[in-house]
Every structure is written in structure tokens, then in C-alpha cells.
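J.: The residues making up each chain are set out below.
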Amino acid sequence: MSALLSIEGVDVAYRRHRILSGVSLHVGTGEILGIIGETGSGKTTLARAVVGLAPVTAGRIRFDGTDLTGLRGRALRDWRRTGQVQYVFQDPLRALDPQHTVATIVAEGLTVAGRPVGDRVEWALSQVGLDPALATRTPGRISGGQRQRVLLARAIAMRPRLLLCDEPVSALDASNRNHVLRLLADLRTAAGVTVVVISHDLSSLAGIADRVAVLYGGRLVEHGPTEEVLTDPRHPYTALLTASAPSVRREHPIPAARLRRVGDGPVSEDGCSYADRCPFATSACAAVPELTGDTRAVACHHAGEWLAAVR
Amino acid sequence: MRRTAIGVLVVVAVLAVAGGAIAPHDPLLQNPDLALRGPSPAHPFGTDYLGRDVFSRLVAGTGATVLAAIQSVGVGLLLGVVPGLASLWLGRTVEWLLLRAADALMTLPFIVFAVAVTGILGNGLTQAMLAIGALFAPLFFRVTRAAGLRLTRAQYVEAAELFGASRTRILRTHVWGKVLPTVAVTAAQATGGALLAVSSLTFLGIGVKPPAPTWGGVLASDLGFLAQQPWAPVIPAALIMVTVAALNALADHTTSKERVDAGLAR
Amino acid sequence: MPVLRVDDLDVSVAGRGAAVRDVSFTVHKGESVGLVGESGSGKTLTCRAVLGVLPPGVAVTAGTIELDGAPLTGLDRRGWDRVRGNRLAAVFQDPASYLNPSLTVGRQLAEQLRLKRGLPRRQTRAAAVELLAAMGIRRAERVVDQYPHELSGGMLQRTLIAIAVAGEPDLLVADEATTALDAAVQAEVLELLRRLREERGLALLLVSHDLAVVAEVCDRVVVFYAGEIVEQGPTAEVIANPRHPYTEALLRVASLGDWRRRSLEVIPGRPPELGALPAGCRFAERCAHATDACASPVALTTLDGDRQVRCHRAADLALVGAR
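Chains as they are written, first to last, in the numbering used here: chain A, 122 to 432; chain X, 77 to 342; chain Z, 2 to 324.
In case anyone wonders, no lab produced these hints; they're calculated from the structure.
Fair warning: there could be bad hints in the mix.
[As the list claims (entries may be wrong)] Okay, the calculated beta carbon distance ranges per label pair:
| # | chain 1 | residue 1 | chain 2 | residue 2 | range |
| --- | --- | --- | --- | --- | --- |
| 1 | X | 328 | Z | 103 | 27 to 35 angstroms |
| 2 | X | 77 | Z | 29 | 53 to 61 angstroms |
| 3 | Z | 290 | A | 264 | 23 to 31 angstroms |
[Said to hold, decoys possible] Okay, the calculated bits of chain X under chain A, using three or more residues with CB under 8 angstroms as the criterion:
| # | region |
| --- | --- |
| 4 | 232–240 |
| 5 | 244–258 |
Because the structure is a prediction, the values reported are computed rather than measured.
Quick reminder that beta carbons are idealized off the backbone N, C-alpha and C, glycines included.
The whole structure should be built from the sequences, with the hints applied where relevant.
T.: Structural data, given as C-alpha cells:
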């Protein structure tokens with residue numbers, strides 16, 4: 122599988138404050154990649170960096186060979202008008218203009234690019250399972266789940282090749298959540314769209330993502346095939362996440378309590394970002410661990426050892 | 077309240093457009109025999125010291141007064157809203173310069189500035205109103221900027237940028253419609269202020285040559301004869317106050333309705 | 002005697018009819034009960050009726066709510082002041098909006114300790130530090146002097162729980178209290194709630210749209226659908242052996258702690274609107290097992306072993322649980 126999106130050693134910083142450090146990630150054509158991380162881990166910033174909404178201070182982001190990091194002004198605008206990469210915001214209430222109708226919103230990308238709208242609005246709405254009759258309403262007059270889908274319809278009306286979805290389901294209940302995720306999976310099969318989904322809900326990601334990447338403190342700590350990473354985590358943080366996921370069955374292979382640190386861990390400005398919370402941290406963790414491995418990668422000095430301590 | 081306000085403004089608008097035709101007497105016709113008379117069927121508001129019909133003078137003076145107020149607000153809008161929107165995107169230097177210019181203008185007192193301008197550009201209502209308008213500009217500048225600033229950081233504006241939308245397009249489709257109500261409300265309030273300013277200036281005799289009737293002019297001439305007709309200034313003063321109050325009431329109503337709508341949308 | 006007893010409760014929206022109908026359940030000392038359902042199912046209104054904080058235009062129109070045997074329905078303002086914080090406390094989804102941004106969390110907690118526990122001013126700071134530490138906040142002696150904006154969502158929620166339990170209430174209501182938290186933090190806060198229940202004998206009423214969260218914490222679960230209870234019983238039994246098709250559907254869409262690729266299930270259709278409730282079973286329209294009989298009204302019937310279900314076909318359906 123060739124990489125459609127290549128993120129190579131990307132740093133993002135606002136003034137002196139660094140949000141992402143040396144993130145490298147490749148997304149293959151037709152793949153669904155899940156990105157997991159807590160608030161402040163940089164997962165939203167990573168997606169925003171791809172579409173040019175976050176200041177990339179080092180590294181390269183390439184889409185199908187085009188270097189996106191170098192685009193400025195006119196070139197950036199022309200690139201955006203192609204609509205090949207679409208970013209789907211997290212909060213539909215904030216990302217939809219309250220004064221516009223659903224039809225205007227969904228057609229916006231096409232109108233901006235000067236492309237014919239035709240029946241694309243109806244098509245996009247039906248793709249996300251919305252009644253085309255909603256087209257004349259404003260966002261304030263539809264339900265939360267419907268707004269989420271309008272957001273998605275606006276993106277797919279551009280017939281993108283890559284869709285970046287920021288927490289598309291965090292505000293929805295379980296049934297609606299699965300509905301939206303299924304839509305993303307269907308888009309991939311039907312239209313060959315490559316999808317990056319940012320989510321904190323491991324269980325739903327597990328249903329659709331081919332691979333997952335785990336971010337912690339602005340660094341990539343683990344990535345690999347979804348089922349492998351979640352059933353056999355190699356990074357203590359991934360293990361904590363899987364052990365913390367609520368489940369209707371109460372048994373967890375490793376109790377979350379054994380993956381939490383009691384007392385403070387070694388804190389070091391330029392060490393492993395997780396050391397402070399990691400129960401397995403040692404003096405070795407004062408240095409940043411390298412992400413090692415190819416299809417299955419982990420950044421932990423004790424990747425091979427910690428599991429034995431909790432088993 | 078809203079209906080009363082609109083009613084008042086409609087009457088004022090009709091007087092402004094057709095005042096000369098409605099006036100029962102020639103507002104300039106002097107009749108020394110009838111000087112300083114009280115209300116009568118022929119002269120409902122009485123006559124002034126030259127025997128001119130006060131009712132006709134007020135009705136005929138509406139046009140000049142209202143036009144002057146609208147002129148000044150128009151000038152204020154032009155000089156305020158355009159830079160206000162421009163300052164959102166034109167970078168820090170332009171923003172800084174515009175903000176300082178607005179501060180400087182705001183420190184100038186209305187009347188004194190208008191007197192100075194008419195002193196330089198010649199005594200005429202238009203000149204005076206240009207001066208007043210220039211002083212309104214900072215108000216519109218700040219209001220537009222404040223409303224727009226919030227919007228340029230809105231996520232739907234970001235979304236439009238991601239589609240490759242130009243700034244003018246974003247201004248037109250996402251910003252303008254939301255700034256407009258605020259600007260309209262401010263304009264209504266400013267018109268009230270402008271009416272007062274016009275009246276004050278014409279009261280002082282600035283902007284109009286003496287015989288031409290205006291609200292402020294009538295008030296001024298009535299005040300000269302308080303001893304004979306103590307009630308007389310009440311009529312032009314009430315006219316000015318009621319019109320200004322109607323504009324303010326309408327503005328307040330629109331603002332509070334907008335707040336309620338915004339609350340419901342949440 | 003149960004800590005909380007809700008009997009035949011109806012909550013109505015002015016001009017639109019009963020949004021919650023015929024709701025009865027109890028919470029005993031040291032027990033945790035979960036109310037679960039989709040948005041608009043009536044679980045939140047029920048919980049707000051218990052707290053006496055219904056939105057304007059919404060009111061309890063029938064039934065009783067009793068706390069420690071004393072009625073809450075019909076309490077006046079001063080009556081509520083005596084109950085809230087002392088015997089009844091609550092935490093919500095957005096802790097930041099319940100704290101004063103211009104006071105340190107220590108000040109706010111101390112205030113509560115002074116008011117509710119009558120501690121003299123000198124002792125409140127130490128008590129606040131101790132209580133924060135008991136909530137699992139690290140470096141509590143530093144945190145007391147911090148302002149709400151300096152704390153993470155998880156820390157704020159722990160602080161709010163500390164304030165809630167400062168008055169040593171008998172019942173703690175948690176309304177979607179962990180929904181907005183990150184997974185690892187959510188698990189910690191749920192553990193804290195479990196511990197408070199065990200150590201302090203606190204009764205817990207947990208409201209969540211996520212059946213998995215309820216399953217992690219609650220002894221008993223009450224399933225709401227379109228304003229009615231459709232099933233209730235011990236959590237483990239309900240999950241292993243649901244008796245209502247809606248519970249079965251919720252289990253299918255809930256988080257299973259299963260990381261294998263699978264097809265994501267959905268519950269087709271939407272719940273009925275308040276103005277257009279069917280006369281019969283309210284779930285029938287979306288139910289895979291519905292028959293003609295389901296068009297007639299259905300009562301909540303008690304089954305063996307402390308379980309209740311509202312389904313015409315409860316006796317003859319073999320539903321699939323999570324196991």
C-alpha cells in the first residue's frame with residue numbers, strides 16, 4: 122500500500138509552546154487510521170497541521186507527493202479549492218454558520234471553488250443518511266446527531282480523497298455513534314476515501330479502524346494494526362487506555378490500577394513525556410525513547426519488560 | 077413601545093419628505109401684527125416674534141433637520157464600518173494606526189469640532205454634518221470591529237478558509253450578515269444623537285442661514301421670548317425628545333430581541 | 002428504609018404532556034443505581050426532579066420522591082436548602098461551570114466545610130487538603146491554592162466531588178459526571194465513586210447514556226425509554242440476561258471491551274417525540290420483536306428476583322445478553 126499522506130518528523134509550536142514533537146506517520150490509500158489520545162495530547166493539532174491550520178515549525182507533510190507544508194497564499198488557496206483533503210470539525214454548533222441553510226452549508230466548498238453544485242447537495246445528504254428535506258433548515262433547527270452529519274456531508278460533497286475527522290462521535294450516544302462510524306466505513310468501501318478518525322472511544326474505533334496511532338504529550342508513542350495494538354499494547358499508556366475503557370463486561374486482562382503510578386515519576390524536560398505518570402519509569406526515561414518498529418511501532422525504553430511486571 | 081416608536085418615526089419621516097407641502101402657512105411669511113400669539117385654530121402652536129406660524133416652521137424644518145442627521149450618520153457609517161472591517165484582516169500596523177485614529181477622534185467634543193469645521197469650510201449644514209459624521213466614525217469603527225473580531229475566529233470562518241474562500245467572500249457570506257444588526261442598532265442610536273447635535277448647532281445658528289426653519293432654530297427663537305411665552309420652547313423641545321426617544325426605544329428593542337434569539341439558538 | 006424512594010413519578014412539560022411517566026425506583030444505603038437511556042429518554046428529568054432543579058415550565062405532576070423517608074416533592078426553598086449539601090449532593094458534566102473562577106478551589110471547599118460541617122475557620126484548610134487528598138488528588142496541599150482554570154477536567158471533577166461529599170450527604174447524584182473526561186481519567190473518577198460508596202456508605206444515583214459506564218459502577222440499573230422505565234434490575238443480571246428488546250439493543254451498541262474488528266450495530270429509527278407518543282408500547286416502532294399485541298398499553302411487571310420489565314412479550318422472548 123502506497124502512502125497517500127506522509128507526515129515526516131513534524132513539530133508544531135505556538136510561540137515557544139511546543140504541541141507536537143517529531144511526529145512521523147503514514148496513511149495508506151483507502152486505509153482507516155484511528156488516532157487516540159487525551160486532551161492536550163496534540164491529536165487535534167496533528168489533523169489541523171495537515172490542513173494548514175497549525176504552524177508546522179519542522180518536518181514535512183506530503184499528500185500524494187505534494188508538499189503541503191510549503192504552500193502559502195495563492196498556492197494554498199488553489200490547493201484547498203481542489204477539495205482533496207477535508208477536515209471535519211469536532212463541534213458542529215461552532216463549525217456551522219447559524220445563519221446559513223443546510224443546503225448552503227453543504228454546497229459551500231463547491232461554490233467557493235466555482236464548481237457546479239447540481240444535485241451534489243442531495244447526494245451528500247443521502248450519503249450521510251439525512252433527509253434532503255432538511256436542506257432548507259438552519260443548524261439551529263436540527264438535532265445534534267443531524268448537525269454532526271451535516272458537517273460530514275459538507276466534507277464529502279467535495280468528493281475528497283482524504284477525510285480527517287476530529288472526534289466525530291464524542292457528543293453522540295452509542296447508537297448514533299456507531300451510525301456515524303459506519304458511514305465512514307461505508308465511504309471507504311464505496312468511494313475509496315482514506316479516513317483518519319480522531320477519537321477517544323477505543324471500542325468504536327476498534328470496529329472500523331485498520332490501524333491506530335496513540336499520541337501522548339505531543340509525541341507518537343505507539344502505532345500498529347488496531348486489534349494487535351489494543352489487545353497486546355506495548356506502551357504502558359496504551360495499556361492504561363485499554364484497561365480504562367468502560368465495558369459492560371467488568372473483567373479487564375490487566376487492572377487499570379496496576380498501570381497507574383503511585384506518587385510522582387521522574388520528570389525531565391527532554392525525556393519521555395509519559396515518565397511522570399508511568400509506573401515503570403526509571404532513570405533511563407530521562408531520554409526521549411525512539412519510536413522503533415515498522416508496521417508495529419512503540420516508543421518506550423521498557424517496551425519489552427514492563428508487561429512481565431504486571432502479569 | 078415598539079409600535080409607538082415606529083409610529084413616531086413614520087410621522088417624522090412623512091414630515092421630512094412632505095413637510096413643505098403639509099405646512100398650512102408659509103414658514104417664512106412674517107406678520108408683525110400676529111407676533112407672539114398663543115395657540116389658536118389658525119396657528120395651533122402659536123406664532124413667533126416675527127409672527128411666523130410655529131407649526132409650519134417645525135413641519136417645514138423637519139426635512140433639513142432629519143436630512144442633516146442622516147447625512148452625519150451616513151458619513152459616520154462610511155468612515156467607521158469600512159475601516160472597522162478592514163482592520164480585522166489588514167495586519168497589525170494598519171490595525172494599530174486605525175485604533176489610534178479612532179482614539180484621537182473620540183477625544184474631540186462634538187459641538188466645538190463642528191464649529192471649527194464650519195469656520196474653515198464655510199457655514200453650511202452639510203459641512204457641519206460632515207464634521208459630526210467624522211466624530212461618529214470611531215463609534216461605528218469600534219462596534220463593527222468588536223462584532224467582527226469574534227466572527228473572524230469562528231470555526232465556520234475557518235471552515236470557509238479551508239475551502240479556499242477569499243476574504244471578501246468570507247466577509248460577504250459569514251461576517252456581514254452578523255455585523256449588520258449591531259451596526260443598524262448603533263445607527264439608530266447615533267441618529268438620535270445626531271438629531272440632538274443638529275438641533276444644538278442650529279440653535280447656535282451654525283449650519284443654517286437665519287430665515288430657513290429648523291427644529292433647533294425654532295427652539296432658539298422661542299427661548300428669546302421666555303418672558304412673553306414661557307410655554308413655547310416646550311413644543312420644539314418635545315418634538316426633538318420624542319423623536320430621539322423613539323430611535324433609542326427601537327434600538328433597545330432590537331438589541332434585546334437579538335439577545336433572546338441568540339439565547340434560544342444555544 | 003431506602004435512602005431514596007421515587008414512587009409513580011410523573012414529570013410534565015407545560016402544554017406538552019408527561020415527559021416522564023410512572024417512574025418508581027429506590028436507592029438503598031451504600032447502593033449504586035444507574036439510570037440509563039438515550040437523550041430525551043427522561044433519565045435526566047427524573048434526576049433533576051430528585052434534585053429539585055427542573056427547568057422552567059417543567060414540574061412534577063404526580064407521584065412522590067422521598068429522601069430518608071421525608072418527602073422532597075412540595076419542599077419550599079428553605080426546605081431544599083436544608084436538604085441540599087447535607088443529605089443530597091450532586092455533580093454534573095461540566096465541573097468548571099459550578100466553581101467560582103475567581104476563588105481558589107481551597108476557599109470554595111473550605112466554605113462548604115464551614116457551612117455544612119460547622120468547622121471553625123482555622124481548621125478548614127487542613128480539612129480541605131485532607132478531603133482533596135482523599136479524592137485522589139496528588140499534591141493536594143498545592144492544589145488547594147490553585148484556581149479552577151489551572152486544573153484539568155479530572156481534577157475539577159474530583160474537587161466538585163469533594164465539595165459534594167463535604168456535607169456528608171446520604172445520596173450523591175452524578176449526572177453524566179464522567180462523560181466529558183478522557184478515558185483514563187473517567188476510569189479513575191468512576192473508581193473514586195465506587196470507593197466513596199464502599200468507605201462512606203454513600204448511596205449513588207448515576208445518570209449516563211453509556212450502559213458500559215453504568216455497568217462499571219452500579220449494582221442496579223434502570224433503563225429508560227421515551228419517558229418510561231422499560232426494565233430494571235440487578236446490573237449483572239440485566240446485562241447477562243436482558244428481558245426488554247430495548248435493553249438488548251443498548252447492549253449491542255455499547256462498548257464491549259472487545260478489540261476485534263466487528264460490524265458496528267445501530268438501533269434503527271428514532272424515539273417517539275413527546276407530542277406523538279403511541280398509545281401502546283413506546284418502543285414497538287423500533288422493535289424487531291413487535292407484534293400486533295404491542296399496540297395496546299403495557300404495564301411494568303415484576304419478574305422473579307427483583308426485576309421489572311415493560312414488555313408484552315417478556316415471557317416468550319429469548320433475548321441475547323453480553324457474555
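J.: Does each hint hold? Answer for all of them.
T.: Taking the hints in turn, this is what the structure says about them:
1. X:328 to Z:103: 27 to 35 angstroms: holds, 31 angstroms
2. X:77 to Z:29: 53 to 61 angstroms: Holds - the Cβ-Cβ distance for residue 77 (chain X) and residue 29 (chain Z), about 57 angstroms, lies within 53 to 61 angstroms.
3. Z:290 to A:264: 23 to 31 angstroms: For residue 290 (chain Z) and residue 264 (chain A) the Cβ distance comes to about 27 angstroms; the hint holds.
4. 232–240: holds (count 8)
5. 244–258: With 5 residues close enough to chain A, the hint holds.
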